[in-house]
Every structure is written in structure tokens, then in C-alpha cells.
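Visitor: Below, each chain spelled out in residue letters.
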Amino acid sequence: EAGVAQSPRYKIIEKRQSVAFWCNPISGHATLYWYQQILGQGPKLLIQFQNNGVVDDSQLPKDRFSAERLKGVDSTLKIQPAKLEDSAVYLCASSRDRGRAVNTEAFFGQGTRLTVV
Amino acid sequence: KQEVTQIPAALSVPEGENLVLNCSFTDSAIYNLQWFRQDPGKGLTSLLLIQSSQREQTSGRLNASLDKSSGRSTLYIAASQPGDSATYLCALRDNYGQNFVFGPGTRLSVLP
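Protein chains in written order, with our numbering: chain A, 329 to 445; chain B, 109 to 220.
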């Protein structure tokens, strides 16, 4: 089965510019996650969707970050305006979880490495 | 709030050695725990998933154990190879949320 697809792989932007990342989860996976991984640290959850509804966005900096998952499949994550501290790898993951069945394996994409200069 | 730690932060071993990576967590109320491998500049590759009702899982040269009562999981790698060099992350899903909480990772170097 095809894995989680992300694009672009790399992005360099200047601070205060905007940027968008795209994720296509594994077919049939209801749950989609966006994580931010700063160099040398473990990934930190930004937002979790189940189908096209938000399950958890408590750690998403909503003044500059936004995400959507129209039609419950693909998802986009946007940063506007970007700051230097947003430099990180943005990882998308998906799992089969539905409702309270949360014991399934998560699969990650290759990530997008963002550099803000 | 669940806290996940991994010790050591970095480990260097000669090829052929057996080794153990550690993952500790503060709250034993978890759904499952998953071990991942991350190569430089790459995403995460799932290695093993242990459900809360299980004590261990095995895949090839890898064995992961889970002791909820002590808040620990270990990843055992047998007969290490240079190709095992990567960062190993543990992540758990706790009963208070549905997302994964990650440890900071252990960076492993296996020297030929």
C-alpha cells in the first residue's frame, strides 16, 4: 500500500512570508496528524483530524498556523506569517483510528523541512 | 501531563553488539506504545507497536517490552549492524488524548 505522501520536501522562506504544506494520508485512514519536529527533539503534535473534524488543536499556534482537511482525505497546513522559530520539520501521519478505537499503528510521511531566514 | 524520556540521548557501539534503548513515561494509563526509527532528514519508520495489554513484541532482531506499572519500555537490538545507525523514538498514546506523545529520541551509531 502507498505510504503517507507529503510535499514539498524542502522549503526556504523569509520571515513574515507565508507557506503551505500538503499531505495525502494512506487510503482509508480516518485519522490524520500534523507534527512539528525541531532539530534534536521529538515531534510535537500540532493538530489531529478524524475524517474532516478536528480532534485536538490545543497546541496549534492559531494566530499564525491553520490547517484544514476538506472531504476528510488530503490536508494542508499553513503558516502566515512565518517566524524564525518555525524552522523545523513538519511531519504528517495517519492511522486507521475511528471514534474511540485508538489502538492502531501510525504511519508517517517523509516530512517537509522548513527553513525560515 | 504525560512526560516521556529516553536514556541515553546518544549511544555508540561496535558492530555485533546487543544493545538496549530505554523509554520512560510518567503516567501508566496508556493505550499503546510505538517505537520508531528516524534516519537523518527523513520521516519516521514504524518498528514495533505494543498494546497496553501486551508485554512484548518482536520483529526480526528487534524486541520491545512494556512494563506499565514501572512506566518503562525497552527496545532490544540484537547483533547490531552499521545500518541500524539512526535515531530511535518511542511514542505512546495515553488515555487522556488520542494523539502520540514522543520522547526526545536516542541517537544510535553502530561502528563497523
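Simulated from the structure, these hints should not be mistaken for laboratory data.
Heads up, a few of these hints could be off.
Calculated cross-link-like contacts (lysine-lysine; reagent style DSBU-like; alpha-carbon spacing at most 30 angstroms) [as the list claims (entries may be wrong)]:
1) A:K406 <-> A:K339
2) B:K176 <-> A:K399
3) A:K339 <-> A:K390
4) A:K372 <-> A:K411
5) A:K390 <-> A:K406
6) B:K109 <-> A:K411
7) B:K109 <-> A:K406
8) A:K390 <-> A:K343
9) A:K411 <-> B:K176
10) A:K399 <-> A:K339
11) A:K339 <-> A:K411
12) A:K372 <-> B:K176
13) A:K411 <-> B:K150
14) B:K109 <-> B:K150
15) A:K372 <-> B:K109
16) A:K411 <-> A:K390
17) B:K109 <-> A:K339
18) B:K176 <-> B:K109
19) A:K390 <-> B:K150
20) A:K406 <-> B:K176
21) B:K176 <-> A:K343
22) B:K176 <-> A:K390
23) A:K372 <-> A:K399
DEER-style ranges, computed between Cβ atoms [unchecked claim]:
24) A:K406 <-> B:N171: 23 to 31 angstroms
25) B:K150 <-> A:E433: 16 to 24 angstroms
26) B:T113 <-> A:K343: 46 to 54 angstroms
27) A:E433 <-> B:D147: 36 to 44 angstroms
28) B:D135 <-> A:E433: 34 to 42 angstroms
Just so it is clear, CB atoms sit at the ideal spot from N, CA and C, and this is done for glycine as well.
Visitor: For the pair supplied as a hint, A:K372 and A:K399, confirm whether the alpha-carbon distance does not exceed 30 angstroms.
Guide: Given that 30 angstroms is the threshold and the Cα spacing comes to 25 angstroms, the pair holds.
Visitor: Compare the distance between the alpha carbons of B:K176 and A:K399 with 30 angstroms, and conclude whether the hinted pair is satisfied.
Guide: Not satisfied, since the Cα-Cα distance of roughly 38 angstroms exceeds 30 angstroms.
Visitor: B:K109 and A:K406: Cα distance at most 30 angstroms?
Guide: Status holds; Cα separation ~28 angstroms.
Visitor: Given the hinted pair A:K411 and B:K150, is their Cα-Cα distance within 30 angstroms?
Guide: Between A:K411 and B:K150 the Cα gap is close to 23 angstroms, so the pair holds against 30 angstroms.
Visitor: What's the verdict on A:K406 and B:K176, does the C-alpha distance respect the 30 angstroms limit or exceed it?
Guide: 38 angstroms, violated
Visitor: Within a Cα-Cα threshold of 30 angstroms, do A:K390 and B:K150 meet the stated pairing?
Guide: It holds: about 27 angstroms lies between the C-alpha atoms, which stays within 30 angstroms.
Visitor: B:K109 and A:K339: Cα distance at most 30 angstroms?
Guide: 33 angstroms, violated
Visitor: Decide if the proposed pair is consistent with the structure: B:K109 and A:K411, CA atoms, cutoff 30 angstroms inclusive.
Guide: Holds: B:K109 and A:K411 sit about 28 angstroms apart, inside 30 angstroms.
Visitor: Using the C-beta atoms of B:T113 and A:K343, is the stated range 46 to 54 angstroms upheld?
Guide: 33 angstroms, violated
Visitor: Measure nothing beyond the straight line between the CA atoms of A:K411 and B:K176; if it is 30 angstroms or shorter, mark the hint as holding.
Guide: Since the Cα atoms of A:K411 and B:K176 sit roughly 40 angstroms apart, the hinted pair is violated (cutoff 30 angstroms).
Visitor: Could one say that the CB atoms of B:D135 and A:E433 fall in the range 34 to 42 angstroms?
Guide: Given range 34 to 42 angstroms: violated, Cβ gap about 21 angstroms.
Visitor: Mind checking the alpha carbons of B:K109 and B:K150 for me, to see if they're no more than 30 angstroms apart?
Guide: 29 angstroms, holds
Checked against the numbered hints given earlier, this structure breaks hints 2, 9, 17, 20, 21, 22, 24, 26, 27, 28; the rest are met.
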